[in-house]
Amino acid sequence: MTATPLPAGSLRATSLNAGRRAAELEALAGGLVVDVLVIGGGVTGAGVALDAASRGLSVALVEAHDLAFGTSRWSSKLVHGGLRYLARGDVALAHESAVERGLLMTRTAPHLVRALPQLIPLHAKTRAGQGISRSSEAFLFAGLHAGDALRRAARTPTAVLPGPRRVPIAETLALAPGLRRAGLRGGLLSFDGQLIDDARLVVTLARTAAGFGARILTKVRALKVGGDGAEVRDELTGASFDIRAKSVINAAGVWAGQVVDGVQLRPSRGSHLVLSGADLGITQTALTVPVPGERNRYVLVLPQAGGRVYLGLTDEPVDLPVPDVPEVPESDVDFLLGVASSVLERRIGREQVIGSYAGLRPLLDSANGKTADISRKHAVMHSREGVITIVGGKLTTYRRMAADAVDALVRRRDLHCGESRTDRVPLVGSAQQSYLSIVDAPRSLVARYGAEAPRVSALSEFDAELSEEVAEGVTAAEVVWAVRHEGALDAADVLDRRTRVGLVPAERAKAAARVESLVRQALEGV
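Okay, so the sequence shown: first residue is 1 according to the UniProt record's numbering, each after it adds one.
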């Protein structure tokens, strides 16, 4: 059998749901041979599926859990311009980051990324090592201008990302009222990209790939992988079968070494805390806080929609094997609270922490002593069995990683297809802000669903109960939409990934029963 691509452009073509999953599993179990089998449903795997499918290759993606189950949902939700890499002298990686950020913000996903103002508060240097000296201020400001040069080189307009500037004390406090007044002499203001949500980017990538005919199969575990396919198990039914493929790409991230032998990784844990913004006096502008005694290392205070604030992040080595869901250790909590509190008027106490999460970076092993010093460059590797593995990198550069992996596959397997075109493929829901500003739907839905927001909102017109909130800022209609169109198969998929209610355990517990009921009803209707 040969795979036939689905037509792109319609809601049905991009919809992921239980019915589509069952039909595509049946076809693969029946002997359908695809050009590319992708292992892993994170941002890289979904990016690979989109890249390959948009070139005209037939694709199947299998994920043991759910889209964005692993590292891809545990990021700082930033689309970095590469300033940190420029400071280390890695101009190529910094430029790559700036280019990919620009593509996301102007072409492929402007509905999911916004300009985030970031403020470096300038407090006088203390004997304890806190604060920023005049010489350090000059160095940091020069770095921000260098980052702005990257922005210009990537052709991202100032209307999307304004340039950096010094701001006086009054404006600094207006931007971040919670800052400590004593010793404050102003701030350095710059802008970077911020995702409305990292898990939503992954789901959107997967749906866009599905529009090109990719078979996106969650809760399907790869048991044994080779160069010509894999033995897999449907985690919902327990049935095992073989998926036949002309080529295989391992995009399992920090778990890539469990898929094929010979992948040497050194995972690094990035911990974040979830706080209430009202308690901090930080609502719109992010803070970049230097870590005392460290060079080129910062803690970020990141305001989110709905009044939450994410505080991160750490960079600590983790031994293999790694858990499916990492936990935040007490040492990381103390570190983050301590650094952030050094610039705030009121110290952040543990009682203000309403949630936490940690992600594991799939860094390539090296002889460097600190994981913070390991390069964030990605690498494409080939196993003796013929499996291509893509590891390293970071969320911002997922598209470039995916293109490089598919390029390697095309060369190795002599597949006939065009070059990567994902720099020109708008993701599902994509639209320019000028259009989104006049979309007839609640602003909260537009921020999460872009041009599809009216369709989500319309569900409530047919059933008034769907307009009710299941959690603060999340409606019942969004739960139904997640099941019908975004591949959610159970309540956890909705609570923890299609929405981020689960980041606050108390809110998750409160919403669980209602969401479970809605998911069950929606699945019965699919």
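Because the hints were derived from the structure by calculation, they are not lab data. Even for Gly, the Cβ is constructed at its ideal location relative to N, Cα and C. Where hints are given, some of them may not hold.
Between beta-carbon pairs, the in silico distance windows are [stated by the list, open to error]:
#1 Val91 to Ala138: 20 to 26 Å
#2 His382 to Arg155: 31 to 37 Å
#3 His382 to Gly56: 20 to 26 Å
#4 Gly338 to Ala138: 39 to 45 Å
#5 Ala239 to Ala153: 48 to 54 Å
#6 Pro177 to Ser444: 20 to 26 Å
#7 Gln433 to Ala506: 40 to 46 Å
#8 Leu236 to Ser517: 49 to 55 Å
#9 Arg350 to Ser434: 42 to 48 Å
SDA-like, lysine to any residue: derived pairs with alpha carbons at most 25 Å apart [claimed, not checked]:
#10 Lys125 to Phe335
#11 Lys246 to Gly418
#12 Lys224 to Gln264
#13 Lys224 to Asp242
Going down the list of hints, with the structure as the test:
1. Val91 to Ala138: 20 to 26 Å: holds, 21 Å
2. His382 to Arg155: 31 to 37 Å: Cβ of His382 to Cβ of Arg155: about 34 Å, so the range 31 to 37 Å holds.
3. His382 to Gly56: 20 to 26 Å: holds, 23 Å
4. Gly338 to Ala138: 39 to 45 Å: Given range 39 to 45 Å: violated, Cβ gap about 27 Å.
5. Ala239 to Ala153: 48 to 54 Å: holds, 52 Å
6. Pro177 to Ser444: 20 to 26 Å: At roughly 24 Å between Cβ atoms, Ser444 and Pro177 fall inside 20 to 26 Å, so the hint holds.
7. Gln433 to Ala506: 40 to 46 Å: violated, 34 Å
8. Leu236 to Ser517: 49 to 55 Å: The hinted range 49 to 55 Å is violated for Leu236 and Ser517, with Cβ atoms some 19 Å apart.
9. Arg350 to Ser434: 42 to 48 Å: holds, 44 Å
10. Lys125 to Phe335: Holds, at about 20 Å.
11. Lys246 to Gly418: Holds, at about 17 Å.
12. Lys224 to Gln264: At roughly 19 Å apart (the allowed maximum being 25 Å), Gln264 and Lys224 satisfy the hint.
13. Lys224 to Asp242: Roughly 9 Å separates the two Cα atoms, so the pair holds.
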